[in-house]
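Q: So the chains spell out like this:
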Amino acid sequence: MTDTQAKPRPRSSLPVWLPVLLGILVILALFAWFVLPRLRPYQFNGTVIQSEMPSTNFTLTSADGPVSLSDYRGRLVLLYFGYTFCPDVCPTTLADVNKALDQLGNKAEDVQLIMVSVDPARDTPEKLAEYVEFFNPTFVGVTGADEDVRRVATLYNVWYEAHDEEGASGYLVDHTATLNVIDEEGHLKLLIGYGTGADAIAADLDYMLR
Amino acid sequence: MKRFKTRWAVAALALAATIGTVACSEDAGIEISDAWGRPSPSVATAGAFFMTITNNGAEDDALVAATSPACGTVELHESFMNEEGAMAMQPVPGGEITLPAGGSVVLEPGGLHVMCIDKLQDFTEGADLELTLRFQNADDTTFDVEIREP
Ligand SMILES: [Cu+2]
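First to last, the sequence lines map onto chains A and B. Start counting the first sequence at 1; every next residue gets the next number (our numbering). Start counting the second sequence at 211; every next residue gets the next number (our numbering).
One should not assume that every hint holds.
Just so you have them, the derived chain B footprint on chain A, three or more residues with Cβ under 8 Å [said to hold, decoys possible]:
(1) 79 to 92
(2) 171 to 178
Here are the computed lysine to aspartate or glutamate pairs in the EDC-like style, where the Cα-Cα straight-line distance is at most 20 Å [unchecked claim]:
(3) A:LYS107 with A:GLU185
(4) A:LYS99 with A:GLU133
(5) A:LYS99 with A:GLU109
(6) A:LYS99 with A:ASP206
(7) A:LYS107 with A:ASP183
(8) A:LYS107 with A:ASP206
(9) A:LYS99 with B:GLU318
(10) A:LYS99 with B:GLU335
(11) A:LYS99 with B:GLU359
Listing some non-contacts, in silico: residues in chain A with all C-beta distances to chain B over 12 Å [stated by the list, open to error]:
(12) SER51
(13) GLU52
(14) ARG73
(15) LEU104
(16) ASP110
(17) VAL111
(18) GLN112
(19) ARG151
(20) LEU155
(21) GLU184
Note that these hints are calculated values from the structure, not bench results. Every value quoted in this text rests on a predicted model; they were computed, and no experiment measured them. Note that CB positions come from ideal geometry on N, CA and C, so glycine has one too.
Bound-form chain B, shown alone (with noise of 0.2 Å):
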């Protein structure tokens, strides 16, 4: 009878293994590659990160949200040329950053970029500083950004 129940717990550890392998699969689909931020003094309390987003995945996908333990707060955000030719920039408009199924977005200078807003870690050349991406479909994904010159 007590073999028996194991048995049961095996096949149930199993089952659970296999789900979870299925679940981590489909996050497979979201890469981030080429994490970086440039360096900057403590005395700016706003630093960006940039990155490359691959969707391997079937479906569209959405950035949709970032927290990192090194800012207070952090937006997504993209530079751009307005009409009277001065850099200006903003939040994202909708909020999210679209991760087209097959495609990469690049996060760079004078673009898109994730906000860190009110630095609570230096961004000092060579640190790595820990930051999570939540999405529309995929799970959060958690990974070091490395802060040097591009």
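Chain A on its own, in the form it takes in the complex (with noise of 0.2 Å):
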């Protein structure tokens, strides 16, 4: 009986350091949510171009006259070579690459993609701009002579070359289905594989677009 009525703990008893605690804590976990997600660097999708050589300017031709690589000077320019016969390779890239600039929002108007016809014999300018506007309206097209086409390849490594079928192709060009990603300043900054997804191409954008 005299134990239940023992005196009561007096409040002070409380520890005066617990609030100091809870505080750090509080500002830890903050921490660690807001701001070491930001510390640990972004993982890219593509491969990434560590050079800080300017890629080289070159001149080709679409359906509404020359255009330059340097036209695009403060955009993001995803430079891609293919072909309008190219039934798989090339309209899986170019609906991927819509559909991410889509995820993208207003940051897709500082976005360019520009495809590069490796098959100048057949695409016409008015014809490949007819197919890569079907893909998205924003989309430009670029031919050229055999020689200024395959000097543009060259530039960005790109490999390509007709081969004859037996088949009623005529003949298919196989070619590097790379998206070259060049920055505002006209660097190479990012290569993005064939297959990559619309939803890894628009974060790699994103991120560059930060």
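Take each chain as given, in its own frame, and dock them per the hints.
A: Printed below as a string of structure tokens:
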């Protein structure tokens, strides 16, 4: 009985350091939540190019006249090489880029896709324009004389080769199907391989436009 | 006498129906699912059809040819990455796609596809394009390929 009536614990016995500890924990939690993710370097889905060399300018022909890479300084350029007869790889990539731009919202205005035809014999500028604009009205298609296209492809390590088929295709053009991402200052910064997918492309572009 | 003839006719019909059913059940070994093609502009003269082909039969079969009123010519193709790291395309080696017994073969972007050359119909979103596949053993099968995003 005397036990239960023991004098109440004095209030001051609550350790003084407890609120301080709680405060520190809260600050640590906030730091971990908001700051740490920003400190971790972004992992690109594409392959990052370390070179600070500006990419070489070029001029080819679109349905609306000459197009130079330098026309798009200040925007991200996705430089792609393909051809309109290509039924599988090129439509997949162009549709993926279109979906990625959709995800970027307003930021998509700072991205320009240019498709260079590796089949200048069959792809007229008009045909190319109709082809690329089907996937996204902002896409630009360019072509030129064989040797001009070859020179531009070589600048970007793009390999392509036409080969005859016994079938009805006439000939097919095998080609590097990588998206070359050129930054706002004209540096080739990123290579996005075939089959990377819209979400992964959008994430990389979003980070580059941060 | 007339009634007797009728009976024979009925019996013959029943026999024919039975044989027909057996033939059909053999065809049921091949199953096509998820047949689609990507929308493409009319200026693109070629298109590709993708699908999953399942061979439920007990014996291997092979897809040997295809035809479509939507295409001037149909070929069996494959896309692949070549030794240059470039994406290449060619008619399938041997001209056929093997369908192992009890297995599925997936025709998908960047791999196997049924190639539609000289498109005669538009690959507009929502269109259904008729395609007939010819097999080594199973009977021809005709179905619609839906034009849509994957
Ligand atoms: Cu093909």
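Q: Now tell me if each hint is right for this structure.
A: These are the hints, each one checked on the structure:
1. Closer than 8 Å: that is the beta-carbon criterion, and the stretch 79 to 92 of chain A has 8 residues meeting it against chain B, so the requirement of 3 holds.
2. Given as covered by chain B, the stretch 171 to 178 of chain A passes the check, having 5 residues with a CB less than 8 Å from a CB of that chain where 3 are the minimum.
3. Taken as a hint, the LYS107 of chain A and GLU185 of chain A pair is honoured in the structure, with Cα atoms around 17 Å apart against an allowance of 20 Å.
4. Restraint check for LYS99 of chain A and GLU133 of chain A: the C-alpha separation of about 14 Å stays at or below 20 Å, so the hint holds.
5. A hinted pair counts as satisfied when its Cα atoms are at most 20 Å apart, and LYS99 of chain A with GLU109 of chain A qualifies at roughly 14 Å.
6. Taking the CA atoms of LYS99 of chain A and ASP206 of chain A, the gap is near 13 Å; set against the 20 Å cutoff, the hint holds.
7. A distance of roughly 14 Å separates the Cα atoms of LYS107 of chain A and ASP183 of chain A; the hinted pair therefore holds under the 20 Å criterion.
8. Of the pairs offered as hints, the one joining LYS107 of chain A and ASP206 of chain A holds, with about 8 Å between alpha carbons and a cut-off of 20 Å not exceeded.
9. Restraint check for LYS99 of chain A and GLU318 of chain B: satisfied, since their Cα atoms lie roughly 19 Å apart, inside the 20 Å limit.
10. Proximity of LYS99 of chain A to GLU335 of chain B is assessed by CA-CA distance (about 16 Å); at most 20 Å being required, the pair is judged to hold.
11. At roughly 11 Å between alpha-carbon atoms, LYS99 of chain A and GLU359 of chain B fall within 20 Å of each other, so this suggested pair holds.
12. Distance check on SER51 of chain A: its Cβ is at least 19 Å (rounded) from any Cβ of chain B, clearing the 12 Å threshold; non-interface status holds.
13. The beta carbon of GLU52 of chain A is kept farther than 12 Å from every beta carbon of chain B, the shortest such distance being approximately 24 Å.
14. Distance to chain B confirms ARG73 of chain A as a non-interface residue, since its nearest Cβ pair spans about 29 Å, more than 12 Å.
15. The claim that LEU104 of chain A lies off the interface holds: its Cβ sits roughly 18 Å from the closest Cβ of chain B, which is beyond the 12 Å cut-off.
16. Residue placement check: ASP110 of chain A keeps its beta carbon more than 12 Å from all beta carbons of chain B (closest about 25 Å).
17. Residue placement check: VAL111 of chain A keeps its beta carbon more than 12 Å from all beta carbons of chain B (closest about 20 Å).
18. Even its closest Cβ contact with chain B, about 20 Å, leaves GLN112 of chain A beyond 12 Å, as expected for a residue assigned away from the interface.
19. The claim that ARG151 of chain A is not at the interface with chain B holds, since no C-beta of that chain comes within 12 Å of its own (minimum 18 Å).
20. Residue placement check: LEU155 of chain A keeps its beta carbon more than 12 Å from all beta carbons of chain B (closest about 16 Å).
21. With a cut of 12 Å on Cβ distances, GLU184 of chain A stays outside the contact zone with chain B, its closest approach being about 27 Å.
Consistency note: the structure conflicts with none of the earlier hints.
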